[in-house]
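Engineer: If you're matching them up, the sequences are chains A and B in order.
The numbering used here numbers the first residue of the first sequence as -18 and each following residue consecutively.
The numbering used here numbers the first residue of the second sequence as 75 and each following residue consecutively.
It is worth saying that the hints were derived from the structure and are not from the lab.
None of these values were measured; they are calculated from a predicted model.
If we take Cβ atoms under 7 angstroms as the criterion, some of the chain B residues that face chain A in the derived model are:
1. Met127
2. Phe175
3. Asp198
4. Glu202
5. Ala223
6. Thr225
7. Leu247
8. Val249
Listed below are the simulated DSSO-like cross-link pairs for lysine-lysine, each with C-alpha atoms no more than 30 angstroms apart in a straight line:
9. B:Lys231 - B:Lys212
10. A:Lys78 - A:Lys189
11. B:Lys231 - A:Lys(-16)
12. B:Lys160 - B:Lys101
13. B:Lys231 - A:Lys82
14. A:Lys143 - B:Lys305
15. B:Lys101 - B:Lys181
16. A:Lys139 - B:Lys305
17. A:Lys79 - B:Lys257
18. B:Lys316 - B:Lys101
19. B:Lys257 - A:Lys78
20. B:Lys309 - A:Lys143
21. B:Lys181 - B:Lys160
22. B:Lys309 - A:Lys139
23. B:Lys204 - A:Lys(-16)
24. B:Lys257 - A:Lys134
25. B:Lys101 - A:Lys139
26. B:Lys257 - A:Lys82
27. A:Lys(-16) - B:Lys184
28. A:Lys139 - A:Lys239
29. B:Lys101 - B:Lys185
30. A:Lys(-16) - B:Lys212
31. A:Lys(-16) - B:Lys181
32. A:Lys239 - A:Lys339
33. A:Lys230 - A:Lys198
Chain B is faced by these chain A residues, among others (derived, beta-carbon under 10 angstroms):
34. Thr(-2)
35. Ile4
36. Gly141
37. Glu269
38. Gly271
The beta-carbon is built from N, C-alpha and C at its ideal position, and this holds for glycine as well.
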Amino acid sequence: MSKGRYGEYGGQYISETLMNELIYLEQQYNHYMNDADFVYELNTLLKEYAGRPSLLYYAERMTEDLGGAKIYLKREDLNHTGAHKINNVLGQVLLAKKMGKTRVIAETGAGQHGVATATAAALLDMECEVYMGEVDTKRQALNVYRMELLGAKVHPVKSGTKTLKDAVNDAFRDWIARVHDTNYVIGSTMGPHPFPQMVRDFQAVISKEARKQFLQKEGRLPDAVIACVGGGSNAMGAFYNFIEDEDVKLIGCEAGGKGIDTPYNAAALTKGQIGIFHGMKSIFNQSEYGQIAPVYSVSAGLDYPGVGPEHAYLRDCGRAQYVPITDEEAVNAFEYLSRMEGIIPAIESAHAVAYAMKLAPQMDKDEIIMICLSGRGDKDVRSIAEYRGVDLNE
Amino acid sequence: MSKIANAFQNGTAFIGFLTAGDPTIDKTVEFILAMEEAGCDLIEIGIPFSDPMAEGVVIQDANVRALENDTTTDDVFDIVRRVREKSDVPLVFLTYINPVFFYGYEKFFKKCGELGVDGIISPDLPYEEKGEIADIAKDNGVDVISLIAPTSSERIKMIANDATGFIYVVSSLGVTGMRSEIKTDLNGILSDIREVTDLPLAVGFGINTPDQASEIGKIADGVIVGSAIVKIIEKYGENAEKHLRDYVSAMKDASNQKS
Chain A
-18 MSKGRYGEYG
-8 GQYISETLMN
2 ELIYLEQQYN
12 HYMNDADFVY
22 ELNTLLKEYA
32 GRPSLLYYAE
42 RMTEDLGGAK
52 IYLKREDLNH
62 TGAHKINNVL
72 GQVLLAKKMG
82 KTRVIAETGA
92 GQHGVATATA
102 AALLDMECEV
112 YMGEVDTKRQ
122 ALNVYRMELL
132 GAKVHPVKSG
142 TKTLKDAVND
152 AFRDWIARVH
162 DTNYVIGSTM
172 GPHPFPQMVR
182 DFQAVISKEA
192 RKQFLQKEGR
202 LPDAVIACVG
212 GGSNAMGAFY
222 NFIEDEDVKL
232 IGCEAGGKGI
242 DTPYNAAALT
252 KGQIGIFHGM
262 KSIFNQSEYG
272 QIAPVYSVSA
282 GLDYPGVGPE
292 HAYLRDCGRA
302 QYVPITDEEA
312 VNAFEYLSRM
322 EGIIPAIESA
332 HAVAYAMKLA
342 PQMDKDEIIM
352 ICLSGRGDKD
362 VRSIAEYRGV
372 DLNE
Chain B
75 MSKIANAFQN
85 GTAFIGFLTA
95 GDPTIDKTVE
105 FILAMEEAGC
115 DLIEIGIPFS
125 DPMAEGVVIQ
135 DANVRALEND
145 TTTDDVFDIV
155 RRVREKSDVP
165 LVFLTYINPV
175 FFYGYEKFFK
185 KCGELGVDGI
195 ISPDLPYEEK
205 GEIADIAKDN
215 GVDVISLIAP
225 TSSERIKMIA
235 NDATGFIYVV
245 SSLGVTGMRS
255 EIKTDLNGIL
265 SDIREVTDLP
275 LAVGFGINTP
285 DQASEIGKIA
295 DGVIVGSAIV
305 KIIEKYGENA
315 EKHLRDYVSA
325 MKDASNQKS
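Given only the sequences and the hints, what does the whole structure look like? Please build it.
Structural biologist: Here it is, written out as structure tokens:
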């Protein structure tokens, strides 16, 4: 059995053509993560360029309004480029540069990972091409233009469901043809080893900081950490340094779409089955004969028919729980946080906010919830207006 | 001797690929039999998959057409059953691993053994993950065909040592599809593999013209053609049989041309 296992999940189910490159990537990753100069350079970028550490903000009005646990927001939305994606991308693009690559490619759903990759590529002077489902290029047109402004070439992907999974397919197809000069900067804790581990390690800065910030502010750790889960990178980052703290509940919020009893959702851990796809053994939404099922969510960033292997493992061993949040609940939370705290969350992050709104009133006032606010919602304003039937073009 | 070895007894083998259920189940049966008659020594049957990551546009589109016709894994087995009523041509499945995993490895390979599927090629099951199916396939008499790529270098020895049936040598970087030129140092790769194994070596990815088949035929034991065949099926649909016969016959002749 290959490396990179989380229980039975993970592995390296990928074309032979890419195997040596993955082995090389893992070896280079291990080398540079133990290289003091690399670590210093990366930490400097995270601090001086991305704006870390991100704030741990006490959401006082929300807390009072819900009348239960104290709610803190880990403000990944305040990072440069507006989401947690930059944490991983700075790591991977810097690594690619050190490996002598001249070009990076990425897939993107909502566009946040594409924007982050294009940003890091501009900063580190690398060629950048981004694969984005055609459907997503329309619902996130602003992010397409942002990527182009940053010097990246955006390929609208017209195959399959024309969303995130198809963008991943085309990114792999590109990489397999240009392994010599290109690194695939994968955007989530998914794909073949070493990607799930590498992305988790780069995102673990979220929980590393949060742990310290809680000990400073509250003298204790939170009782629950809540994050949205598509592929699962912000959630893995928010969970990772709390995994050993068994009293901290870890809760992932999946895209329940129009409801888990309808075909229109992307809740892999709730509705999916074990399978092998995109280089990993994990949990996927599938049809009767193991075809990958079309999924749906109001949120382009959660519109993925699977989940990273470590989440599947955390679910099975009972360390984390995963709950579906519907479009309607997420949109309500999007509006609620905007009005209550003056913070417009990404519609992805609004899934985590929505669950906190359910959970907080059931908890005591001396208990604490952390919501990973993975991104800001400017990009979603148009689609939420549409969802509410408001025509912004009038 | 496994039936796959038979494919390499008739000069350089010509191996043709098509996607099951494109354009229909009935036509796939008819096309397989016609391709055998026209000179195919082994036929690869693609089990359609929603996300064929290693395929170029031509075979991706064939997968879409087959799935739009609701072609299932059971339908593909039915195709094999019907072909086997008339033909002993070696048959190999080309399938992504998820449909096999979902069907159940035991059930899938038992059926392969019963119906006479001689091998399986899985583009997303590299050496490291072969353990998923190796024992079950062997127990049912199904060869797991290994792929070797232009990037395999020092992995060649490990892969070739463990290979069965034949070795699928990937001619080029990238996905499947017709190429005007193949730039890889195939001679070097083939001789590296031959140092380790006596198994037949078949080269695929990109080959579509008789000239290319003839060039490859001089150095390899088999020539594999997929996208060019699928393109004919795409173009002529239900009426593709005659065109397939003409093409396969010309390609078999070219592959076998030693001078």
